[in-house]
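Engineer: Throughout, our numbering is defined as the position within the sequence shown, counted from one, plus 315.
No lab work stands behind these hints: they were computed from the structure. Certain hints may be false.
Stated by the list, open to error - Derived DEER-like restraints, expressed as beta-carbon distance ranges: (1) G406 to E477: 30 to 40 Å; (2) E477 to A322: 38 to 48 Å; (3) R467 to Y387: 32 to 42 Å; (4) G332 to E389: 31 to 41 Å; (5) H422 to D383: 24 to 34 Å; (6) Q326 to E419: 15 to 25 Å; (7) R407 to A478: 27 to 37 Å.
Using N, Cα and C, we set each Cβ at its ideal position, and we do this for glycine too.
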Amino acid sequence: MTVLSRAETIQWIEDHGFAPTPNQVPVVDANEFHLVFMMPNQPCDQLVLAYDLAEWFGDGEAMLWMTDWPIYSEEMMRIFEGIRNRSGKAGRLIDAPGHLLSSEQPHQARAIAELLHCLFAFNWEGFLYAADRSCTIWVADYDLVVSTTDSRQWSLLKPIVEAVGTMTYIPEREA
Numbered sequence: 316m317t318v319l320s321r322a323e324t325i326q327w328i329e330d331h332g333f334a335p336t337p338n339q340v341p342v343v344d345a346n347e348f349h350l351v352f353m354m355p356n357q358p359c360d361q362l363v364l365a366y367d368l369a370e371w372f373g374d375g376e377a378m379l380w381m382t383d384w385p386i387y388s389e390e391m392m393r394i395f396e397g398i399r400n401r402s403g404k405a406g407r408l409i410d411a412p413g414h415l416l417s418s419e420q421p422h423q424a425r426a427i428a429e430l431l432h433c434l435f436a437f438n439w440e441g442f443l444y445a446a447d448r449s450c451t452i453w454v455a456d457y458d459l460v461v462s463t464t465d466s467r468q469w470s471l472l473k474p475i476v477e478a479v480g481t482m483t484y485i486p487e488r489e490a
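Put together the whole structure using the sequences plus the hints.
Structural biologist: Here's what the structure looks like:
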């Protein structure tokens, strides 16, 4: 994982065809599948969901952009910085909110899962973008919006969500 400044993160997002718009659902393609669902309340369910989504997301290049962390404690930051510090140089979240992940780096799925779990558990907000534009995940206010342009990935998503019993909205498009 490489930690990037806000400017570097926005540049990566723009270079990959996304609009850097915090607090808005990232739209990749008019033909994508969307699923909106509530975050599970139980920490164990949040952890399972984070790991399942990380596996579902795949192992290509990805960017996780932390856009808001309105509530944080010293303990939360210590956990979060511990994850980031494994990359070698992390710095403060306010200075470096982007997390560039590559399949060439060991344990990418684990890093994605741990970062997603922080978003879930701490009620923080952020986006996870696939460099190939195949899928995005937006986490905000205990809701998740998961989008993909891949019908195979779409078919794998619904069982993940149903396993934690959190689906609350009908998908915008059925496969």
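Engineer: Find the hints from earlier in the document that the structure breaks and name them by number, from lowest to highest.
Structural biologist: Going through the list in order, the structure violates no hint and respects every one.
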